[in-house]
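*Asks:* Sequence:
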Amino acid sequence: KFVMLVDMDCFFASVVLRKYPQHRSKPVAIAHAHSNNQANNANSSSELSTCNYLARQKGVKKGMFLGDAIIKCPDLVVLPYDFEGFQEVSGIVADQLRLYAEQYNGCIEQVSCDEAYVEINVDPNDCNNDIYDFVKSLAEHIRVDIVKKTECTASIGIGPNKLLAKLAADKIKPNGCYVCRDWKELLGGLDLRDIPGVGWKSQKKLEPHGLRTVADVWDLNDEAETVLGEIIGLGNAQKIVKYCFGKDDRPVTPAVRKSIGAECNYGVRFDGPY
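Here the sequence shown is numbered in our numbering, starting from 752 and rising by one per residue.
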């Protein structure tokens, strides 16, 4: 069994840029308030729902006020939402992933409009070469299909469980594919902040105790849960320690895809339990 995390690259910006291809090579952000007049944008307190990688390289971030973003990146192009496009592209991608999941006796869990887990089950006897190479080749076919049908790119992380698929996708973004063959190799260079569930509050509590990286938790050996439990609580400690050792028993669970709703502070996402 393998789990893929298919993560669309800068989804909202990529979809909108299909209508504005002349701006593909420019730093771009998506916001409710947009204007061709940079003076108006510079005074705007509208929040950015997302931005492309070129904008991020200039210091622009999702959730930043538009006026602050213009200061960091004066040539920032601000474009409007394309709700119909978001729904269209998300639906196309979900349909493609469902086909692959059915072909390999798996399932798809739609996390949001731009992210989905896909479980596939591969018989080693069906592979002419290394099974990891086979799965990576399959993922590359998926990425090519997505570009052909949507003009948007995706990154795919692959592992034996959701956690490692997620971290593999984070490692390879944007527009790439990575297969986790060895969980220690993937986790070894990570900070604890890179682990799902470790927020800045937990980070502030852990760092004074010399716990900054995943390797720091490894060094605690059998005492890891006890030590972390005294700092952040036993429940959180058990989950984080488990993740630090590449363990994750959460199943890929199919969920019904619902309509897209607008969230002013959090961009655009599917309404539903995601």
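Derived from the structure by calculation, the hints contain no laboratory data.
Certain hints may be false.
[As the list claims (entries may be wrong)] For lysine-lysine, the following DSSO-like pairs were computed, each having C-alpha atoms within a straight-line distance of at most 30 angstroms:
{"no.": "1", "residue 1": "Lys952", "residue 2": "Lys899"}
{"no.": "2", "residue 1": "Lys823", "residue 2": "Lys770"}
{"no.": "3", "residue 1": "Lys956", "residue 2": "Lys990"}
{"no.": "4", "residue 1": "Lys777", "residue 2": "Lys952"}
{"no.": "5", "residue 1": "Lys990", "residue 2": "Lys924"}
{"no.": "6", "residue 1": "Lys956", "residue 2": "Lys899"}
{"no.": "7", "residue 1": "Lys952", "residue 2": "Lys752"}
{"no.": "8", "residue 1": "Lys752", "residue 2": "Lys956"}
{"no.": "9", "residue 1": "Lys813", "residue 2": "Lys823"}
{"no.": "10", "residue 1": "Lys955", "residue 2": "Lys899"}
[Claimed, not checked] Using C-beta positions, here's what the derived DEER-type ranges look like:
{"no.": "11", "residue 1": "Asp881", "residue 2": "Gly939", "range": "36 to 44 angstroms"}
{"no.": "12", "residue 1": "Val895", "residue 2": "Ser776", "range": "21 to 29 angstroms"}
{"no.": "13", "residue 1": "Gln989", "residue 2": "Ser776", "range": "24 to 32 angstroms"}
In this text the structure is predicted, and so the values were computed from the model without any measurement.
The beta-carbon is built from N, C-alpha and C at its ideal position, and this holds for glycine as well.
*Asks:* All hints, please: hold or fail.
*Replies:* Hint check:
1. Proposed proximity of Lys952 and Lys899 is contradicted: the alpha carbons are some 42 angstroms apart, above 30 angstroms.
2. Proposed proximity of Lys823 and Lys770 is supported: the alpha carbons are some 25 angstroms apart, at most 30 angstroms.
3. Of the pairs offered as hints, the one joining Lys956 and Lys990 holds, with about 16 angstroms between alpha carbons and a cut-off of 30 angstroms not exceeded.
4. Of the supplied pair hints, the one linking Lys777 and Lys952 is violated, its CA atoms being roughly 35 angstroms apart against a limit of 30 angstroms.
5. With a CA separation close to 25 angstroms, the supplied pair Lys990 and Lys924 stays within the 30 angstroms bound.
6. Restraint check for Lys956 and Lys899: the C-alpha separation of about 46 angstroms exceeds 30 angstroms, so the hint is violated.
7. A hinted pair counts as satisfied when its Cα atoms are at most 30 angstroms apart, and Lys952 with Lys752 does not qualify at roughly 35 angstroms.
8. Between Lys752 and Lys956 the CA atoms are separated by roughly 37 angstroms; this puts the pair beyond 30 angstroms, and the hint is violated.
9. Among the hinted pairs, Lys813 with Lys823 is consistent with the structure: their alpha-carbon atoms are about 13 angstroms apart, no more than 30 angstroms.
10. As the CA atoms of Lys955 and Lys899 are separated by approximately 44 angstroms, the hinted pair breaks the 30 angstroms bound.
11. As the Cβ distance of Asp881 to Gly939 is approximately 22 angstroms, the hint placing it in 36 to 44 angstroms is violated.
12. Restraint check, Val895 to Ser776: a C-beta distance of roughly 22 angstroms satisfies the suggested window 21 to 29 angstroms.
13. In this structure, Gln989 and Ser776 break the distance hint of 24 to 32 angstroms, their C-beta atoms being roughly 47 angstroms apart.
The structure does not agree with the numbered hints 1, 4, 6, 7, 8, 10, 11, 13 stated previously, though it agrees with the rest.
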